[in-house]
Amino acid sequence: MDSPVKKLAGKGLSGLGKLVLIGYAVFTLYPLYWLFISAFKTNEDFFRRPYALPQVWMTDNIFRAWELGNMGKAMINSTFVTITSVILTLVLGLLAGYVLSRFDFRFKKVVVGLFLAGLLIPIHSTLVPLFLMMKEMNLLNTYGALILPYTAFELPIAIFLAMGYMASIPKEIEEAAMIDGNGWWGIFGRIIFPLCTPIIATISILAFLRFWNDFSFALVFINSQALKTLPLSLALFSDGFGTDYSLTMGAMSIAVIPTIVVYLILQDQIMKGMVAGSIKG
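Using this note's numbering, read the sequence shown as starting at 41 and increasing by one per residue.
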């Protein structure tokens, strides 16, 4: 039996661990708290009392930011581009991950290496060649100018995560399904895909965050006001002469809400997906 001293020491370490986690949670969540309280301040209040609650709650900041930034249209554009890109990334990433994790074929290692090499390519170094390519293909100022690059650059990490997760699914399940008369498409659609819910959630949230918050691709490839995404609409509140911080914070508060909602919905599956690929059997 453990001595009282050991039990007390164990409780002390446990309590210390909880305090560290609570401190880390506060440290992580404080920027969100600061963003939301700043969204209801005047510019003067923002500079004089940056960390305090607003003296007067300026709810008008949210409505003015929505109207002046044309954020309704921008949110529709961002939603369409993001959802379409996420779906394409999932479909292509899961199919490629399934083939690479289940089948042996010639030059398989080369193919895997090429996909994983995509993780090493600095995205911003491709802006100029991509711009020239989009211009030749008449894709500038279209949704495709964002959807195609988003999907292409997210595929390497999606394939890597899908391969790791699918490798943990026992092959005996597929053999039993094949005996029951299922082909490869049936096995993938009826068995593998439903079992991949955790990794689907993980890939989805990672892709969603990257696509929703992207600024550089949208800035270079989109000039039409009708196609501007949320990050571009946020830039309207700042120019070469100054920044309207009250409206900027209000607009940022609107833009960040969908990200928080998506993460809260998928958080349980994300945690499962991040650890499941490391467990065999």
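If you're looking for bench data, these hints aren't it; they were derived computationally from the structure.
Note that the structure is predicted; figures quoted are calculated from it, not measured.
There may be inaccurate statements among the hints.
Unchecked claim - Pairwise CB distance ranges (calculated):
| # | residue 1 | residue 2 | range |
| --- | --- | --- | --- |
| 1 | L167 | L56 | 45 to 51 Å |
| 2 | L72 | E176 | 38 to 44 Å |
| 3 | I213 | A92 | 37 to 43 Å |
| 4 | L75 | G223 | 29 to 35 Å |
| 5 | I123 | G223 | 25 to 31 Å |
| 6 | F67 | L108 | 32 to 38 Å |
| 7 | M218 | L72 | 44 to 50 Å |
| 8 | L61 | K113 | 37 to 43 Å |
| 9 | T68 | M218 | 34 to 40 Å |
| 10 | M173 | P71 | 34 to 40 Å |
Note that beta-carbon positions come from the ideal geometry of N, C-alpha and C, so glycine has one too.
Here is how each hint holds up against the structure:
Between L167 and L56, the C-beta spacing of about 47 Å keeps the proposed range 45 to 51 Å intact. For L72 and E176, the Cβ-Cβ distance of about 42 Å falls inside the hinted range of 38 to 44 Å, so the restraint holds. For I213 paired with A92, a C-beta distance near 58 Å fails the hint of 37 to 43 Å. The hint said 29 to 35 Å for the Cβ distance between L75 and G223, and at roughly 51 Å that hint is violated.
In this structure the supplied range 25 to 31 Å holds for I123 paired with G223, their Cβ-Cβ distance being about 30 Å. Taken as a hint, the range 32 to 38 Å holds for the pair F67 and L108, whose Cβ atoms sit roughly 33 Å apart. The supplied range of 44 to 50 Å is met by M218 and L72, whose beta-carbon atoms lie about 49 Å from each other. Distance hint check for L61 and K113: the Cβ-Cβ separation is about 41 Å, which falls inside the suggested range of 37 to 43 Å.
One distance hint, 34 to 40 Å for the beta-carbon pair T68 and M218, is violated here, with the actual separation near 46 Å. Distance hint check for M173 and P71: the Cβ-Cβ separation is about 37 Å, which falls inside the suggested range of 34 to 40 Å.
Violation of the numbered hints given earlier is confined to hints 3, 4, 9; the remaining hints are satisfied by the structure.
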